[in-house]
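There are 2 protein chains.
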Amino acid sequence: MSLYTISQASAEVDLTPYTLRYYEKEGLLPGVKKDSAGRRNYQADDIQRIGFIKCLKGTGMSLKQIKEYGSLYAQGKKKFEERNAMLESHKAKILLEIKTQKKYLKMVEAKIQMKI
Amino acid sequence: MSLYTISQASAEVDLTPYTLRYYEKEGLLPGVKKDSAGRRNYQADDIQRIGFIKCLKGTGMSLKQIKEYGSLYAQGKKKFEERNAMLESHKAKILLEIKTQKKYLKMVEAKIQMKI
DNA sequence: CCTTGACTTAGAGTTAGCTATAACTGTTAG
DNA sequence: CTAACAGTTATAGCTAACTCTAAGTCAAGG
Numbered sequence: 095m096s097l098y099t100i101s102q103a104s105a106e107v108d109l110t111p112y113t114l115r116y117y118e119k120e121g122l123l124p125g126v127k128k129d130s131a132g133r134r135n136y137q138a139d140d141i142q143r144i145g146f147i148k149c150l151k152g153t154g155m156s157l158k159q160i161k162e163y164g165s166l167y168a169q170g171k172k173k174f175e176e177r178n179a180m181l182e183s184h185k186a187k188i189l190l191e192i193k194t195q196k197k198y199l200k201m202v203e204a205k206i207q208m209k210i
Numbered sequence: 095m096s097l098y099t100i101s102q103a104s105a106e107v108d109l110t111p112y113t114l115r116y117y118e119k120e121g122l123l124p125g126v127k128k129d130s131a132g133r134r135n136y137q138a139d140d141i142q143r144i145g146f147i148k149c150l151k152g153t154g155m156s157l158k159q160i161k162e163y164g165s166l167y168a169q170g171k172k173k174f175e176e177r178n179a180m181l182e183s184h185k186a187k188i189l190l191e192i193k194t195q196k197k198y199l200k201m202v203e204a205k206i207q208m209k210i
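As given, the protein sequences belong to chains A and B, one line each in that order.
First residue of the first sequence? That's 95 in our numbering, and the numbers climb one at a time after it.
First residue of the second sequence? That's 95 in our numbering, and the numbers climb one at a time after it.
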């Protein structure tokens with residue numbers, strides 16, 4: 095039942111234990127279980143959640159917004175619309191970002207090509 | 095000859111005057127001309143340089159590294175190899191980043207598709 | 001001449017996101 | 001039994017990249 099200690103979770107998701115505790119303190123990981131000695135026990139769905147947090151963060155969403163998304167998620171079906179709108183607008187942002195990165199890639203390639 | 099005041103340059107490159115002065119102070123913009131009253135006059139090539147700085151920064155290069163690149167650039171042909179290596183490795187980084195963004199995009203799309 | 005406004009400088013303050021420290025506690029190997 | 005170890009909390013410190021403030025300068029319009 096107790097799947098991961100903090101150091102195992104840390105290794106699994108490639109974030110330091112500091113960061114995991116920090117995320118929890120910031121409200122991004124509500125409901126992480128603790129054992130009788132007060133030590134964190136990460137479950138499979140915590141790991142999954144962290145994976146999605148990394149996805150959102152890696153695409154430029156702030157921790158504050160991720161927390162907001164999480165709280166909408168916690169409120170279930172009644173907040174589905176709002177939550178989905180958030181994801182849709184984030185998706186648009188990612189698409190734009192990819193486009194920008196491609197433009198910048200071309201600029202760097204051009205600079206390399208110059209050979210000066 | 096005096097092409098842009100700081101506020102005109104600011105509008106042109108979409109960075110605040112604060113940021114332009116900060117970049118200069120940090121050594122990213124050496125040789126910006128000043129008029130008799132000590133006010134900055136940005137030339138066309140300063141604007142171009144800022145454009146490339148934005149490109150490097152927008153693809154995740156730190157100001158410190160950008161400054162380093164700039165100083166290699168200033169040393170001309172003898173540092174060409176080093177400078178180009180920097181750009182090549184940065185290019186690889188951008189390619190990887192685009193790949194990651196695409197992966198994350200898929201994750202977000204999948205989450206949207208779930209409709210839960 | 002006087003005010004206005006855009007500029008100057010040095011340096012302080014802010015924000016995000018960690019990262020580390022100190023002091024402590026419970027588990028385990030010898 | 002005890003020493004080492006892996007965890008805990010609260011809180012302080014750090015870095016990057018701005019962002020702003022204060023006090024002052026200068027050129028131009030009325």
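Hints listed in this document are in silico derivations from the structure and should not be mistaken for laboratory results.
Among the clues, some could well be false.
Claimed, not checked - Here chain A is said to cover these stretches of chain B; the calculated rule only asks that three of the stretch's residues, wherever they fall, bring their Cβ under 8 Å from a Cβ of chain A:
1. 147–153
2. 173–183
3. 190–203
What the hints assert, rightly or not - Straight-line C-alpha distance at most 30 Å; calculated DSSO-like pairs for lysine-lysine:
4. A/K172 / B/K209
5. B/K161 / A/K205
6. B/K187 / B/K209
7. B/K128 / A/K173
8. B/K158 / A/K209
9. B/K128 / A/K128
10. B/K205 / A/K196
11. A/K151 / B/K128
12. A/K200 / B/K151
13. B/K128 / A/K148
14. A/K171 / B/K151
15. B/K209 / A/K205
We put the beta carbon where it would ideally sit given N, CA and C, even for glycine.
Status of the hints after comparison with the structure:
Counting residues of the segment 147–153 of chain B whose CB lies closer than 8 Å to any CB of chain A gives 4, so the stated coverage by that chain holds, three being the minimum. Counting residues of the segment 173–183 of chain B whose C-beta sits closer than 8 Å to any C-beta of chain A gives 4, which meets the bar of three, so the coverage hint holds. As drawn, the segment 190–203 of chain B meets chain A at 10 residues by the rule of a beta-carbon pair under 8 Å; at three or more, the given contact holds. Proposed proximity of A/K172 and B/K209 is supported: the alpha carbons are some 12 Å apart, at most 30 Å.
Taking the CA atoms of B/K161 and A/K205, the gap is about 16 Å. The hint holds against a cut of 30 Å. Between B/K187 and B/K209 the CA atoms are separated by roughly 34 Å; this puts the pair beyond 30 Å, and the hint is violated. Straight-line distance between C-alpha atoms of B/K128 and A/K173 comes to about 56 Å, which puts the hinted pair past the 30 Å bound. Taking the CA atoms of B/K158 and A/K209, the gap is near 23 Å; set against the 30 Å cutoff, the hint holds.
The hinted pair formed by B/K128 and A/K128 fails the criterion: a straight-line CA distance of about 63 Å is larger than 30 Å. With a CA separation close to 25 Å, the supplied pair B/K205 and A/K196 stays within the 30 Å bound. With a C-alpha separation of about 41 Å, the suggested pairing of A/K151 with B/K128 is violated against the 30 Å cut-off. As the CA atoms of A/K200 and B/K151 are separated by approximately 15 Å, the hinted pair is consistent with the 30 Å bound.
The straight-line distance between the Cα atoms of B/K128 and A/K148 is roughly 46 Å, outside the 30 Å bound, and the hint therefore fails. Simply put, A/K171 and B/K151 have alpha-carbon atoms about 40 Å apart, too far for the 30 Å limit, and the pair is violated. Restraint check for B/K209 and A/K205: not satisfied, since their Cα atoms lie roughly 45 Å apart, outside the 30 Å limit.
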